[in-house]
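S.K.: Those protein sequences? They're chains P and D, same order as listed.
So in the working numbering, spot 32 of the first sequence is number 32, and the numbers just go up one at a time.
So in the working numbering, spot 55 of the second sequence is number 55, and the numbers just go up one at a time.
No lab work stands behind these hints: they were computed from the structure.
Check the hints yourself; a few may be wrong.
[As the list claims (entries may be wrong)] Cross-link-like lysine-lysine pairs, in silico, DSSO-like; alpha carbons within 30 Å at most: (1) D:K49 <-> P:K78; (2) D:K49 <-> D:K61; (3) D:K61 <-> P:K43; (4) D:K49 <-> P:K43; (5) D:K43 <-> P:K49; (6) D:K8 <-> P:K49; (7) D:K49 <-> P:K49; (8) P:K43 <-> D:K43.
Here the structure is a predicted model, which is why all the values come from computation and not from measurement.
2 protein chains.
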Amino acid sequence: MIEVQPGKRAIQIEAFEALRPLVLAEPGCIQYELFSDDEDENKFILVEKWASQEALAAHGKTAHMVAAVARNPSFRAKPASVIRMSPVGR
Amino acid sequence: MIEVQPGKRAIQIEAFEALRPLVLAEPGCIQYELFSDDEDENKFILVEKWASQEALAAHGKTAHMVAAVARNPSFRAKPASVIRMSPVGR
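Can you build the whole structure from these sequences, using the hints too?
M.R.: As structure tokens, this is what we get:
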């Protein structure tokens with residue numbers, strides 16, 4: 001769950017668009033999609049799907065993610081809240 | 001966001017597994033997936049993706065959804081919280 005500072009929506013979308021091809025190219029990346037909350041333009045949900053815990057861990061150490069994490073506070077209202085999930089049911 | 005009563009996790013998963021093929025067969029249904037919160041076995045997230053607002057509205061009126069909604073309180077801790085989202089960025 002992501003919340004941006006008022007007026008910084010476009011910067012969040014641009015940052016995601018620049019990052020997305022780099023992340024999708026990483027080994028084990030299955031899904032990397034940004035959604036906007038229909039009821040609040042400053043709220044987003046980033047849905048990521050990874051083939052393994054290892055792939056996700058490696059993702060966090062890439063140069064582009066280290067740079068993105070350093071830049072996020074300049075347009076985010078607060079740190080993102082992360083919910084780690086696993087698929088259930090057929 | 002879904003929360004079940006303690007001990008009712010299996011009932012939620014079974015209810016989803018029975019519903020899923022019926023929902024995936026509905027016109028405009030793109031995704032219908034249940035995820036479990038890795039840090040709380042009683043919490044789930046149901047990710048749905050629909051081709052249009054109309055398809056989603058029709059979904060809510062199907063016999064299987066009317067029956068599911070009527071049954072949910074028997075194993076849910078509280079009503080599900082729904083976040084409607086739209087994809088952003090390329």
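S.K.: Hint by hint, note whether the structure agrees.
M.R.: Results of checking the hints against the structure:
no. : hint            : verdict
1   : D:K49 <-> P:K78 : 27 Å, holds
2   : D:K49 <-> D:K61 : 17 Å, holds
3   : D:K61 <-> P:K43 : 29 Å, holds
4   : D:K49 <-> P:K43 : 18 Å, holds
5   : D:K43 <-> P:K49 : 18 Å, holds
6   : D:K8 <-> P:K49  : 26 Å, holds
7   : D:K49 <-> P:K49 : 15 Å, holds
8   : P:K43 <-> D:K43 : 21 Å, holds
Violated hints are absent here; each numbered hint is respected by the structure.
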